[in-house]
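Trainee: Letter by letter, the chains look like this.
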Amino acid sequence: DTAVSQTPKYLVTQMGNDKSIKCEQNLGHDTMYWYKQDSKKFLKIMFSYNNKELIINETVPNRFSPKSPDKAHLNLHINSLELGDSAVYFCASSQEVDGGEQFFGPGTRLTVL
Amino acid sequence: RKEVEQDPGPFNVPEGATVAFNCTYSNSASQSFFWYRQDCRKEPKLLMSVYSSGNEDGRFTAQLNRASQYISLLIRDSKLSDSATYLCVVARGQNFVFGPGTRLSVLP
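So the sequence lines, in the order shown, correspond to chains C and R. Those letters in the first sequence? Residues 1 to 113, by our numbering. Those letters in the second sequence? Residues 1001 to 1108, by our numbering.
Keep in mind the hints are simulated off the structure, nothing from the lab. Please read all numbers here as calculations on a predicted model, not as lab measurements.
Partial selection, computed: residues in chain C whose CB lies under 7 angstroms from chain R: (1) Leu43; (2) Ile45; (3) Ser48; (4) Gly107.
The beta-carbon is built from N, C-alpha and C at its ideal position, and this holds for glycine as well.
Bound-form chain R, shown alone (with noise of 0.2 angstroms):
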């Protein structure tokens, strides 16, 4: 089993719509956990650090269930900017673990 697991996606969906994205991780000593977003051929980039108490940003929301060792991201009202590979990044100190991510299509 992947340390770090995510939806496998790719998922389409129209604009203005909402997207749910899930990641689960297995190893219960994970620290830090955050969602970094990659477009195409570019380096990836902090989309998001993900708490237990969950936050918002704008049209971004994410949760942490430690218990459940599950993570999500919400995207509300996608814009055609938001398409792009959504990866799932778990830390152990500075041992920084990438899911596969789920790419998203939002088409107009």
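For reference, chain C alone in the conformation it holds in the complex (with noise of 0.2 angstroms):
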């Protein structure tokens, strides 16, 4: 059983295009994050949802936007990519609100031409 999910895997997509990837968990955890590990391979923060509610939102463009319909998903629309967009997507989830183990997805590898 997947513990936290990400479709999808792969996304190629045009420069101006909308797009959306989705995340579920099924370990019951409270606090849902969205990272993005670029081509240099660092992993930065970019969202995190307790209970659907935003928490924190590092300095990401508003092209962006988290959308939480429940607390086992959260889902991550980007508009008008653009070619710097180009990364590995990774949803996480954490069943503590300070500082516990994180689940992470497989990560979904986007790329923009």
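With the hints as a guide, bring both chains together as one complex.
Mentor: Now the structure itself:
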């Protein structure tokens, strides 16, 4: 059973398009995250949601909009895709509010042409 | 200065070697500390949490020095399967900051 799942696994699209990445966790966790890992392999937090409420919004362009329909899902919608958005996007979840282990999804490799 | 810095690597070591990774962090308000492991083209996975008293899990030993804002990971008797990138992670509440990672290759 997959704990944190993401779809799609690969996404290739043209500049200017709008796309979404879906994330679901079946661990019963209250906190979910989105991370971006760029070509230099830096893993940087984008958003953190606790029980469907936005807790952290790092310096991310407002073209990125997370949506949490319930605490098991945190989707990421990206408008007007740019070349620099090409990266691997990881969803994660954790049980504890402060500093607990994070469980990561397998990642979505986004390529913007 | 980056909030979390690590040895740049890569480390290439023979099987059976002992290898140590260092990590420093700049925010003294950091509360939780971890080592994660990331295999090539895979997601990061927790290796171990790091406590002030130090902790050991088999061949892996982690140390935390809050005064120096320094974290270390020691791997003894390294195996081929230890080849991966090791990520130092520092957290304040739900804000997790990942270091750039140190790549380890264990050679036969």
